[in-house]
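S.K.: The lines below spell out each chain.
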Amino acid sequence: MRIKKSRRELAEGDMTPMIDMTFQLIAFFMVLINFSQAEQDDKVRLPDSELARPPDAPLVDALTLHVRQSGLTVISNDEHDMEQLRKRMILEKQYTDDPKKVTIIIRGDKAVPTGKVQEVIRLCQDVGFELFALRAKERLNR
Amino acid sequence: MKLRNSARHEGGNKIELQMTPMIDIVFQLLVFFVMTFKVAAMEGDFDIKMPAAAQGSPSFDNLPLKLTLRATPTGKLDEVRLGERTFSGLSYQDKFRKLQDQIVTQIGTDTGPGSARETAEIEIDADYNLQYEFVIEAMTAVTGRVDKEGNIQRLIEKVKFSPSSGGG
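Here the protein sequences come in this chain order: A and B. So that you can map any letter, position 98 of the first sequence is 98 in the UniProt record's numbering, and since no number is skipped, the others follow by simple counting. So that you can map any letter, position 99 of the second sequence is 99 in the UniProt record's numbering, and since no number is skipped, the others follow by simple counting.
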């Protein structure tokens, strides 16, 4: 009986589609990644609202304050109690040309007492700020 | 005649591209992006203008509508009142729905310049311990509503907190 000689050939998979897909995935994540931490605070769970829609254009002069459930206020990852917040806001005021044109964005936790948020607003008013934006996340389905 | 590709059979110089390091790097990049990716919900703002000088003095030319929100000891919503009118309901959504209907009745449907919708103002007086989400619910109810087509109909745009609001 004659035995067939097996031909030893290295089977090479076609890598091109996989690399194409991988690059597309990388491009997708690169476009969506957001390195900015100032606008986010993981400990704040925003209330939701059906009217909360992203603005057409980002606010030019804005300062974001995160009010956590504990009442602590966070600005650019720095935690402040009310006294520290007053000092910080006075400092922020000195950096701006006109505090009346700066919008204070308040990202309050949904369970924080309203009085805490109003204390923060009053403090900012005392310092000289008068435009406020209360931030909420978009409600997808009711 | 000798064919050009015969060199292959003769063990000629064939340059092989090393794909392994590139794929390694590409996968590392992919893993980095996947790990750092955060799905963020879209966010929007309710704008309020509150100059400090307005405190303690009547700030509005027109008499503003006054919305009172009372809280239970645990911070949940207890009572919703517009002026002297109290809204009852099984859930807080019911109360805010009735509030919204009342707002629409009071300010009408005109949207032109100088209309009641454009000039109307509302002042929110909420208890100190009321959970903030109920204030946002109230602001949602008074500032607009979404129609069947998904478009936002604006109601009252000028909203402020009462100077006495949030006290003890």
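Note that these hints are calculated values from the structure, not bench results. Backbone N, C-alpha and C define an ideal beta-carbon position, used for all residues, glycine too. Please note that the accuracy of each hint is not assured.
[As the list claims (entries may be wrong)] Reference listing, derived: stretches of chain A covered by chain B, where coverage requires no fewer than 3 residues with Cβ under 8 angstroms from a Cβ of chain B:
#1 72–85
#2 90–99
#3 108–114
#4 126–134
S.K.: Hints first: check each against the structure and report whether it holds.
M.R.: Status of each hint after checking the structure:
no. : hint    : verdict
1   : 72–85   : violated (count 0)
2   : 90–99   : violated (count 0)
3   : 108–114 : holds (count 7)
4   : 126–134 : holds (count 7)
Against the hints set out earlier in the document, violations occur for numbers 1 and 2.
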